[in-house]
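From first to last, the protein sequence lines are chains A, B and C. Quick note, this note's numbering runs 334 ahead of the 1-based positions in the first sequence. Quick note, this note's numbering runs 50 ahead of the 1-based positions in the second sequence. Quick note, this note's numbering runs 31 ahead of the 1-based positions in the third sequence.
Careful, some of the hints might be misleading.
[Stated by the list, open to error] Some chain A residues flagged as far from chain B (calculated, every beta-carbon gap over 12 Å):
1. 349
2. 355
3. 415
4. 441
5. 442
6. 511
7. 562
8. 579
9. 612
10. 616
11. 621
12. 660
[As the list claims (entries may be wrong)] Between beta-carbon pairs, the in silico distance windows are:
13. A:425 <-> B:322: 29 to 39 Å
14. C:148 <-> A:512: 50 to 60 Å
15. C:113 <-> B:167: 26 to 36 Å
16. B:105 <-> C:193: 18 to 28 Å
17. B:57 <-> A:425: 50 to 60 Å
18. B:222 <-> C:100: 49 to 59 Å
These are calculated hints, taken from the structure and not from any lab test. The beta carbon of each residue, even a glycine, is placed where N, CA and C say it ideally should be.
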Amino acid sequence: MAAVLTRNITKTFNDVAAVNGITLTVPDGEFMVLLGPSGCGKTTFLRIICGLERQTSGDLLIDGNVVNDMPPRARGVAMMFQSYGLYPHYTVRNNIAFPLRTQRVPRAEIEKKVAWAAQLLGIERLLERRPRQLSGGERQRVALARALVREPTALLLDEPLSNLDAKLRASARQEIKLFQQRVGTTTIYVTHDQVEAMGMGDRIAVIDHGKVRQVGTPAEIYDEPADRFVATFVGTPPMNLLSRGGAHLGFRPENFLPKDMIDDGNGGVAEFSFRVDRSEYLGSERIVYGVVEGFDAQVITAKLPPAHVAEDSIRPGEWHPFAVRNGALRYFDQDGKRTSRH
Amino acid sequence: MKRAIANTLREVSFYGAVAFFVVLTAFPFYWMLITSLKSNPDLYNVTNIPFWFNEAPTLEHFEYLFEQTQFARWLLNSLIIGLCVVVITLLAALPAGYSLARMTGRTGEALGIGIFLTYLVPPTLLFLPLSRIVASLGLQNSMWSLVLVYPTFTIPFCTWLLMGFFKAMPVEIEEAAIVDGCSLFGAFVRMVLPLSLPAILTAVIFTFTLTLQEFVYALTFISSSAQKPITLGVATDLVRGDIFFWGEIMAGALIASIPVAIAYNLFLDRFISGITGGAVK
Amino acid sequence: MVEIVEPIATKPASRFRFLLDQRSVLGAVLVTPAILYVLLLVGVPFLLALYYSVSAYTIYDPSWRFVGLANFRQIIHNPAFLETLGNTFLFTFASQLLGLILGKFGALLLLRPFPGRKLVRAIIILPWAVPIALASVAWEWMFDSLYSVINWTMIALGIIDRSQAPNWLGNPHLAMLCVIVVNAWRFFPFAIVIFLAGITAVPQDIIDAATVDGAGFWRRNYQIIMPMILPIVAIGLIFGIVFTFTDLSVVYLLTNGGPIGATSVLGFQGFQVGIVSGDVSHGAAISLFMLPVLFVVVIAMLRFIRRREI
Numbered sequence: 335m336a337a338v339l340t341r342n343i344t345k346t347f348n349d350v351a352a353v354n355g356i357t358l359t360v361p362d363g364e365f366m367v368l369l370g371p372s373g374c375g376k377t378t379f380l381r382i383i384c385g386l387e388r389q390t391s392g393d394l395l396i397d398g399n400v401v402n403d404m405p406p407r408a409r410g411v412a413m414m415f416q417s418y419g420l421y422p423h424y425t426v427r428n429n430i431a432f433p434l435r436t437q438r439v440p441r442a443e444i445e446k447k448v449a450w451a452a453q454l455l456g457i458e459r460l461l462e463r464r465p466r467q468l469s470g471g472e473r474q475r476v477a478l479a480r481a482l483v484r485e486p487t488a489l490l491l492d493e494p495l496s497n498l499d500a501k502l503r504a505s506a507r508q509e510i511k512l513f514q515q516r517v518g519t520t521t522i523y524v525t526h527d528q529v530e531a532m533g534m535g536d537r538i539a540v541i542d543h544g545k546v547r548q549v550g551t552p553a554e555i556y557d558e559p560a561d562r563f564v565a566t567f568v569g570t571p572p573m574n575l576l577s578r579g580g581a582h583l584g585f586r587p588e589n590f591l592p593k594d595m596i597d598d599g600n601g602g603v604a605e606f607s608f609r610v611d612r613s614e615y616l617g618s619e620r621i622v623y624g625v626v627e628g629f630d631a632q633v634i635t636a637k638l639p640p641a642h643v644a645e646d647s648i649r650p651g652e653w654h655p656f657a658v659r660n661g662a663l664r665y666f667d668q669d670g671k672r673t674s675r676h
Numbered sequence: 051m052k053r054a055i056a057n058t059l060r061e062v063s064f065y066g067a068v069a070f071f072v073v074l075t076a077f078p079f080y081w082m083l084i085t086s087l088k089s090n091p092d093l094y095n096v097t098n099i100p101f102w103f104n105e106a107p108t109l110e111h112f113e114y115l116f117e118q119t120q121f122a123r124w125l126l127n128s129l130i131i132g133l134c135v136v137v138i139t140l141l142a143a144l145p146a147g148y149s150l151a152r153m154t155g156r157t158g159e160a161l162g163i164g165i166f167l168t169y170l171v172p173p174t175l176l177f178l179p180l181s182r183i184v185a186s187l188g189l190q191n192s193m194w195s196l197v198l199v200y201p202t203f204t205i206p207f208c209t210w211l212l213m214g215f216f217k218a219m220p221v222e223i224e225e226a227a228i229v230d231g232c233s234l235f236g237a238f239v240r241m242v243l244p245l246s247l248p249a250i251l252t253a254v255i256f257t258f259t260l261t262l263q264e265f266v267y268a269l270t271f272i273s274s275s276a277q278k279p280i281t282l283g284v285a286t287d288l289v290r291g292d293i294f295f296w297g298e299i300m301a302g303a304l305i306a307s308i309p310v311a312i313a314y315n316l317f318l319d320r321f322i323s324g325i326t327g328g329a330v331k
Numbered sequence: 032m033v034e035i036v037e038p039i040a041t042k043p044a045s046r047f048r049f050l051l052d053q054r055s056v057l058g059a060v061l062v063t064p065a066i067l068y069v070l071l072l073v074g075v076p077f078l079l080a081l082y083y084s085v086s087a088y089t090i091y092d093p094s095w096r097f098v099g100l101a102n103f104r105q106i107i108h109n110p111a112f113l114e115t116l117g118n119t120f121l122f123t124f125a126s127q128l129l130g131l132i133l134g135k136f137g138a139l140l141l142l143r144p145f146p147g148r149k150l151v152r153a154i155i156i157l158p159w160a161v162p163i164a165l166a167s168v169a170w171e172w173m174f175d176s177l178y179s180v181i182n183w184t185m186i187a188l189g190i191i192d193r194s195q196a197p198n199w200l201g202n203p204h205l206a207m208l209c210v211i212v213v214n215a216w217r218f219f220p221f222a223i224v225i226f227l228a229g230i231t232a233v234p235q236d237i238i239d240a241a242t243v244d245g246a247g248f249w250r251r252n253y254q255i256i257m258p259m260i261l262p263i264v265a266i267g268l269i270f271g272i273v274f275t276f277t278d279l280s281v282v283y284l285l286t287n288g289g290p291i292g293a294t295s296v297l298g299f300q301g302f303q304v305g306i307v308s309g310d311v312s313h314g315a316a317i318s319l320f321m322l323p324v325l326f327v328v329v330i331a332m333l334r335f336i337r338r339r340e341i
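Generate coordinates for the entire structure from the input sequences, incorporating the hints supplied.
Written out as structure tokens, the structure reads:
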């Protein structure tokens with residue numbers, strides 16, 4: 335049974351549809367990531383699931399129950415906010431205990447559960463502190479403990495890592511993911527960062543302008559994008575697109591290599607004459623910018639492993655033979671949708 | 051050398067200007083103070099230098115004030131009026147300010163401006179019908195008429211002030227409480243109120259000072275000495291026939307002014323952040 | 032692939048159980064006490080005042096008889112009233128102008144940190160903080176016909192002698208001047224606070240950018256800062272104008288409208304006629320003359336603020 339099921343959820347604000355008909359199923363225990371650019375409606379959608387907003391139309395089912403008109407506390411969800419939303423005037427212990435106190439859980443039971451949650455996240459020694467005395471990472475753990483102490487059906491996270499600086503982000507990502515695997519709570523995680531999405535999600539729902547463009551595992555999203563938006567949103571640098579009469583031909587930078595580097599394999603290659611304009615050396619890879627013959631208006635990128643590239647195969651200002659394996663080519667029609675080879 | 055002269059001139063004129071303002075604002079209060087401490091013969095002698103004592107300073111005006119007039123009673127009246135008005139005001143303005151701060155739609159904006167405008171309706175227009183209403187309620191000449199009427203301006207003012215503060219509070223904490231199981235109202239009581247104690251305190255102080263500063267309604271509704279609040283009493287009651295008891299009047303004015311002056315000084319910064327938060331969007 | 036089985040939808044919870052959880056409902060409930068209070072004790076009296084002005088109500092003869100605009104006509108033809116109207120405008124305009132100038136100047140002074148600034152600031156806001164009635168009484172004493180300290184100082188400095196000592200509150204023109212000065216004195220600390228609040232709210236980046244762009248002190252002041260603080264100054268001015276235009280305290284205590292109505296203002300005359308003399312309907316009519324001006328001022332300012340919002 336699905337933990338969270340939405341049917342054609344729509345939300346309009348003043349005639350603008352922030353969420354434009356999203357039907358999504360999140361099975362029990364899954365880590366589902368809602369990925370999309372700012373303003374695409376993913377946070378609104380999450381807040382609808384949580385109960386902080388009411389959808390304009392559509393149904394929402396949590397654990398099999400229709401919860402359309404129920405406030406958050408009746409839905410069995412817990413949420414972790416972008417700035418954690420810890421109660422500044424309560425100690426850590428009372429922060430974690432709060433969701434249980436509102437449900438009038440007996441005191442002995444509360445003590446036990448708080449201790450369990452604190453131990454789960456390794457914050458026992460912080461219980462008597464106040465939020466302002468904690469570091470960013472500690473606050474995150476307290477927020478998680480508070481969210482989990484009720485053992486919710488679904489855990490909702492709204493861009494929890496966006497306030498952290500880059501270094502902390504990686505370790506925080508690690509913590510959350512490991513943690514979720516251990517505890518097994520169904521999790522819905524909103525982010526605009528595709529690296530986070532790819533690294534953490536069991537499945538990713540790519541959202542744009544209030545609609546789901548594609549739902550799939552990271553591999554499916556990356557290798558078999560359903561449309562041009564998904565293809566260019568995921569992946570850094572984004573997929574190269576050559577336009578030909580409205581339709582597009584796409585290939586990822588790491589597949590765009592000097593001809594003599596490509597292993598033909600079976601299926602053949604598509605060849606391009608490529609003029610290098612600029613290259614960036616990033617240590618672990620080299621990004622090369624240039625134009626393909628016949629498509630002067632578009633900047634095409636190639637991502638090359640630096641160790642194996644001969645200097646004279648990428649000299650700027652000159653035309654070099656580059657190629658892409660046919661199996662790595664992706665075709666998109668006039669509407670942007672993915673098609674098979676025309 | 052020229053630079054040094056120009057600089058000194060600038061400094062001198064700067065401090066001169068500051069001194070000018072200080073004298074302009076403080077002199078009447080100095081005058082209040084010294085008048086209240088001068089003995090009557092000293093006071094009512096045109097040949098004496100007025101700026102300092104010519105005869106020994108005396109506390110007789112203060113004694114007279116407390117022993118021979120209703121001054122103590124006026125202080126008590128003002129205290130009671132102030133406290134009651136504060137309670138009524140908070141009961142109405144706290145929820146109203148919160149609700150308006152969180153209401154983002156057109157109605158919220160319109161109501162907010164409506165409240166702001168109510169504060170501007172002049173007492174010198176409303177005092178006529180209000181005096182009739184007060185009379186029909188049997189409250190004429192009673193300080194309770196003021197307890198009834200003062201919230202008409204303290205509630206709009208505090209709602210506006212509190213609205214500014216609440217708007218600046220991040221919604222996340224309330225939302226977290228809601229997700230954690232609080233009702234909407236529960237979130238207000240358990241999260242917003244404890245965290246806005248400074249704002250509430252500011253509102254209390256300003257409400258109190260507003261009631262102390264009020265004059266028009268007090269003058270209109272109350273005529274008997276015993277029911278007068280402090281400001282009305284000092285300004286109108288210390289006269290026998292044509293004779294003004296200046297020493298006592300100044301003493302009374304001084305005592306009545308001090309708490310308000312202190313309160314304003316302590317809370318000015320809070321007040322400013324409140325009004326700029328609400329006024330300049 | 033996970034098998035998704037269509038769940039059996041259970042009956043959704045009754046809407047009423049969570050009525051108070053709906054933002055719109057709770058919001059309305061929370062605002063109600065305040066709105067009720069204001070409607071009953073401001074709205075209703077306001078309507079009553081309107082009705083009084085077109086009726087023949089006095090406290091000796093509380094008749095609700097409708098007389099149309101007769102009251103207004105009678106008032107307008109009374110020269111004392113026209114003098115009052117003129118006084119009110121003069122009084123308001125002059126004291127606000129003076130107060131604004133002093134306020135702007137004072138704010139500029141207080142911007143710069145200097146030793147004792149906190150104390151100076153505390154002293155400067157006294158006129159605004161202290162109840163207006165008490166301050167007026169102090170000034171009344173300072174302007175006293177016999178014992179005025181101002182006169183004493185001028186005599187001592189040799190500027191005039193005793194026979195020329197002005198009777199501040201007894202001379203029509205001087206009385207008006209006194210009333211204006213006291214009101215300006217009371218208003219300018221508020222103006223300082225408003226200016227300071229506005230100026231300190233201007234982001235430092237903008238001021239720095241102007242400095243780098245070559246703007247000197249005066250240009251920075253008048254072309255960058257002033258336009259940016261105009262909204263908040265406008266609001267301060269709304270308050271100032273409204274309260275000054277409708278005030279009666281200063282006039283009542285300082286001059287009691289005299290000498291012979293020279294300083295009578297609308298609020299004061301409304302009081303005299305409506306409360307002291309008991310002629311409620313005419314008093315209401317007089318007071319209502321304040322409305323058009325207030326209306327115009329508020330609407331004009333609000334428009335102005337709306338347009339200038341950055």
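Evaluation of the provided hints:
no.: 1; hint: 349; verdict: 14 Å, holds
no.: 2; hint: 355; verdict: 24 Å, holds
no.: 3; hint: 415; verdict: 5 Å, violated
no.: 4; hint: 441; verdict: 16 Å, holds
no.: 5; hint: 442; verdict: 19 Å, holds
no.: 6; hint: 511; verdict: 22 Å, holds
no.: 7; hint: 562; verdict: 36 Å, holds
no.: 8; hint: 579; verdict: 47 Å, holds
no.: 9; hint: 612; verdict: 44 Å, holds
no.: 10; hint: 616; verdict: 37 Å, holds
no.: 11; hint: 621; verdict: 39 Å, holds
no.: 12; hint: 660; verdict: 51 Å, holds
no.: 13; hint: A:425 <-> B:322: 29 to 39 Å; verdict: 33 Å, holds
no.: 14; hint: C:148 <-> A:512: 50 to 60 Å; verdict: 56 Å, holds
no.: 15; hint: C:113 <-> B:167: 26 to 36 Å; verdict: 29 Å, holds
no.: 16; hint: B:105 <-> C:193: 18 to 28 Å; verdict: 22 Å, holds
no.: 17; hint: B:57 <-> A:425: 50 to 60 Å; verdict: 56 Å, holds
no.: 18; hint: B:222 <-> C:100: 49 to 59 Å; verdict: 58 Å, holds
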